[in-house]
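Trainee: Okay, here's what each chain looks like letter by letter:
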Amino acid sequence: MARLVFYMFISALIMYTFTVSTYADGAPASQGQNDTTIITNNGKKPVEETDVEDEESEFVDVELETVFIQDPVQPYNRAIFTFNDKAYYYFFRPIYKGYEVVLPEKARLGVRNFFTNVRTPVRLFNCLFQGKFKGAGTEALRLVINSTLGVAGFSDPAKKYFELDIQDEDFGQTLGRYKMGTGPHIEWPFLGPSNVRDTIGLVGDIALDPITLLFLVNPFAPTGAKAFMGVNDLSIDKGDTYESLVEKAIDPYIAVQDAYTQNRSKKIRE
Amino acid sequence: MKRKRNIFNLSMIVFFIMFVTSTCLLAGEAGDLVKQTIDKGLNILKDPSLAGEEKLAERREKLWKEIRPLFDMEEMAKRSLGRYWKDRTPEEREEFVELFTELLKNAYVGKTDTYSGEKIIFLRERQDAKYSKVQTNFITKTAKEIAVDFSLLSNSGEWKIYDVTIEGVSLVNNYRSQFSNVLVKSSYEELVEKMREKGLKG
Chain A
1 MARLVFYMFI SALIMYTFTV STYADGAPAS QGQNDTTIIT NNGKKPVEET
51 DVEDEESEFV DVELETVFIQ DPVQPYNRAI FTFNDKAYYY FFRPIYKGYE
101 VVLPEKARLG VRNFFTNVRT PVRLFNCLFQ GKFKGAGTEA LRLVINSTLG
151 VAGFSDPAKK YFELDIQDED FGQTLGRYKM GTGPHIEWPF LGPSNVRDTI
201 GLVGDIALDP ITLLFLVNPF APTGAKAFMG VNDLSIDKGD TYESLVEKAI
251 DPYIAVQDAY TQNRSKKIRE
Chain B
1 MKRKRNIFNL SMIVFFIMFV TSTCLLAGEA GDLVKQTIDK GLNILKDPSL
51 AGEEKLAERR EKLWKEIRPL FDMEEMAKRS LGRYWKDRTP EEREEFVELF
101 TELLKNAYVG KTDTYSGEKI IFLRERQDAK YSKVQTNFIT KTAKEIAVDF
151 SLLSNSGEWK IYDVTIEGVS LVNNYRSQFS NVLVKSSYEE LVEKMREKGL
201 KG
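Protein chains in written order, with our numbering: chain A, 1 to 270; chain B, 1 to 202.
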C-alpha cells in the first residue's frame with residue numbers, strides 16, 4: 001500500500017513536470033522581434049462570458065460616490081506619514097541603494113526566497129484558517145521542494161518547475177475573510193499604512209512567524225531580521241511601488257491610504 | 001488491492017488529460033485593443049532609432065501619441081471627479097479633462113522607460129454590450145507577477161480604456177479618493193490649482 005502511494009506520488013510529480021513544460025513551450029509570441037513577449041493565456045482555455053448579469057456589480061461600476069475610509073485620527077496619521085516619507089527618502093532609500101551595489105540581484109533574490117520560505121507557516125496556517133486547503137497543501141509542498149531542491153530556500157524550483165505559486169495569506173486577510181471590518185486607518189511609523197484589523201493581523205502573525213523565535217538569541221533579532229528583509233525587498237522593487245504612487249499624487253497621504261485599502265480588499269477577495 | 005489499482009488508473013487518466021491543452025485564445029475586440037495598445041507601446045520602446053538618453057523626449061512624445069487615443073480621458077476624468085462632475089460648467093469640465101490628462105501623462109509615460117523585457121500574459125476577458133474587462137499579468141524580470149486589469153467602455157462599437165487596475169488598485173478610484181478629500185476640505189479652484197502645479201512639475 002505504501003509503495004503504491006509512493007509510485008503514485010512519483011508519477012504525479014513526473015506528470016506535473018511534463019505538463020508544465022508543455023505549457024511553457026506552447027504559448028505563441030505575438031511579436032517575434034521583441035524580447036518582451038505577449039503570451040495569450042499560457043495554454044489554458046480562456047473564460048469568455050458574454051452573459052454578465054451575475055457580474056453586474058463588478059461591471060456597471062458607475063459608483064460615482066466615493067467611499068470615505070474611516071480615519072478619525074487623520075492629523076496624527078498624516079504626521080506619521082510625513083515622517084515615514086522623509087525616512088524613506090533620506091534614510092531607507094540611500095541604504096537600499098548602497099545595498100544594491102554590494103549584493104548582486106541574484107543574491108538578493110536568493111535572500112528574498114530564503115525569507116519567504118522560512119515564513120511559510122504564516123501563510124500555511126492562514127490558508128487553513130480560511131479553509132483554503134489546496135493553498136495550504138501548495139504551501140506545504142513548496143516548503144518541502146524549496147528547502148530541498150531549492151537549497152535551503154534560496155532558490156524557488158517549486159514555482160519554476162512545478163508552477164506552485166505563493167499563497168499570499170496573512171492573519172489580517174483571515175480576519176477580513178471572517179467579515180471583520182477594517183476599523184479606522186492607522187499609519188504606523190516605519191511599517192506604513194495599516195488599519196485596526198490588519199494591525200491585529202500583524203500581531204497574530206508574530207505568533208506564527210518562525211523569525212519570532214530569533215528573540216531567544218537576542219530580543220532585537222526578530223526586528224533586525226525583518227528590517228533586513230524590508231531593505232532587501234525594497235532593493236528588488238527599486239522603490240517603484242511607493243515612489244510611483246506618491247509622485248503622481250495630488251494628495252500622497254490619501255493616495256497611499258486608498259491604494260493600501262483597495263489592495264487589501266483584493267487580497268481578501270481571492 | 002484491485003480498488004486501489006483502479007484509483008491509480010483513474011488518476012493516471014486524469015493526469016493524461018492534463019497533457020491536452022489548447023493554446024488558442026478567442027479574444028474579443030476589447031482584448032484585441034488592449035493587445036494592440038501594448039504592442040504599439042512596446043514597439044516604440046524597443047525601436048533602436050529612438051533609443052538612448054537624447055531621444056528621451058521624442059520617445060515619450062511618440063509613445064504618448066500612440067497610446068493616448070486608446071484611452072477615454074474624458075470618461076476617466078469624469079469618474080475620478082465623481083459626484084462633483086455634475087456641478088461643473090462645460091468650460092470647467094474641458095479644463096479638468098485637460099489637467100487630468102496632463103497629470104496622467106507626466107505620471108505614467110515617464111515610468112514606461114524602465115519597462116523592458118517583461119512578459120505580459122492575457123488571462124481572461126469578459127465582455128458584454130457596453131463594458132469589458134481584460135485581465136492580464138505583467139511578469140517582471142525578477143519573476144514578480146503583477147495583476148493588471150483594463151476596464152473598457154464601448155461607445156457605439158469603439159472600445160476605449162477608462163480604468164486600469166493594478167493589483168486591485170483602480171486608478172480612477174485612487175484619484176477619486178484624492179480629489180474628494182481635497183474637495184471636502186477646500187474648493188474646486190484649489191483642486192485645479194494643485195493639479196496645475198503638479199502638471200508643471202512633471
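Please note that the accuracy of each hint is not assured.
Claimed, not checked - Cut-off 27 angstroms, straight-line C-alpha distance, at most; resulting in silico cross-link-like pairs (DSS-like, lysine-lysine):
id, chain 1, residue 1, chain 2, residue 2
1, B, 86, A, 267
2, B, 119, A, 106
3, A, 160, B, 185
4, B, 185, B, 86
To be verified - Here are some of the chain A residues that sit facing chain B, going by a computed Cβ distance under 7 angstroms:
id, residue
5, 207
6, 210
7, 266
What the hints assert, rightly or not - Selected chain A positions facing chain B (in silico; Cβ < 7 angstroms):
id, residue
8, 186
9, 243
10, 246
11, 251
Think of the hints as simulated: they come from the structure by calculation, not from any bench. Even glycine gets a Cβ: it sits at the ideal position worked out from N, Cα and C.
Trainee: Does each hint hold? Answer for all of them.
Mentor: Do the hints match the structure? See the list:
At roughly 34 angstroms between alpha-carbon atoms, residue 86/B and residue 267/A are farther apart than 27 angstroms, so this suggested pair is violated. The hinted pair formed by residue 119/B and residue 106/A meets the criterion: a straight-line CA distance of about 19 angstroms does not exceed 27 angstroms. Straight-line distance between C-alpha atoms of residue 160/A and residue 185/B comes to about 50 angstroms, which puts the hinted pair past the 27 angstroms bound. With a CA separation close to 19 angstroms, the supplied pair residue 185/B and residue 86/B stays within the 27 angstroms bound.
Interface hint status for residue 207/A: violated, as the beta-carbon distance to the closest one in chain B is roughly 27 angstroms, over 7 angstroms. Interface restraint check for residue 210/A: the shortest CB-CB distance to chain B comes to about 23 angstroms, outside 7 angstroms, so the restraint is violated. A distance limit of 7 angstroms between C-beta atoms decides the matter here; for residue 266/A the minimum to chain B is near 2 angstroms, and the interface restraint holds. The interface hint given for residue 186/A is broken, as the beta carbon of that residue sits about 17 angstroms from the closest beta carbon of chain B, more than 7 angstroms.
Using the Cβ-Cβ criterion of 7 angstroms, the hint placing residue 243/A at the interface with chain B is not satisfied: the shortest such distance is roughly 9 angstroms. Residue-level restraint check for residue 246/A is violated (minimum Cβ-Cβ distance to chain B is 11 angstroms; threshold 7 angstroms). Hint on residue 251/A holds. Least Cβ distance to chain B is approximately 4 angstroms, under the 7 angstroms limit.
Violated hints, in rising order: 1, 3, 5, 6, 8, 9, 10; the structure is consistent with all others.
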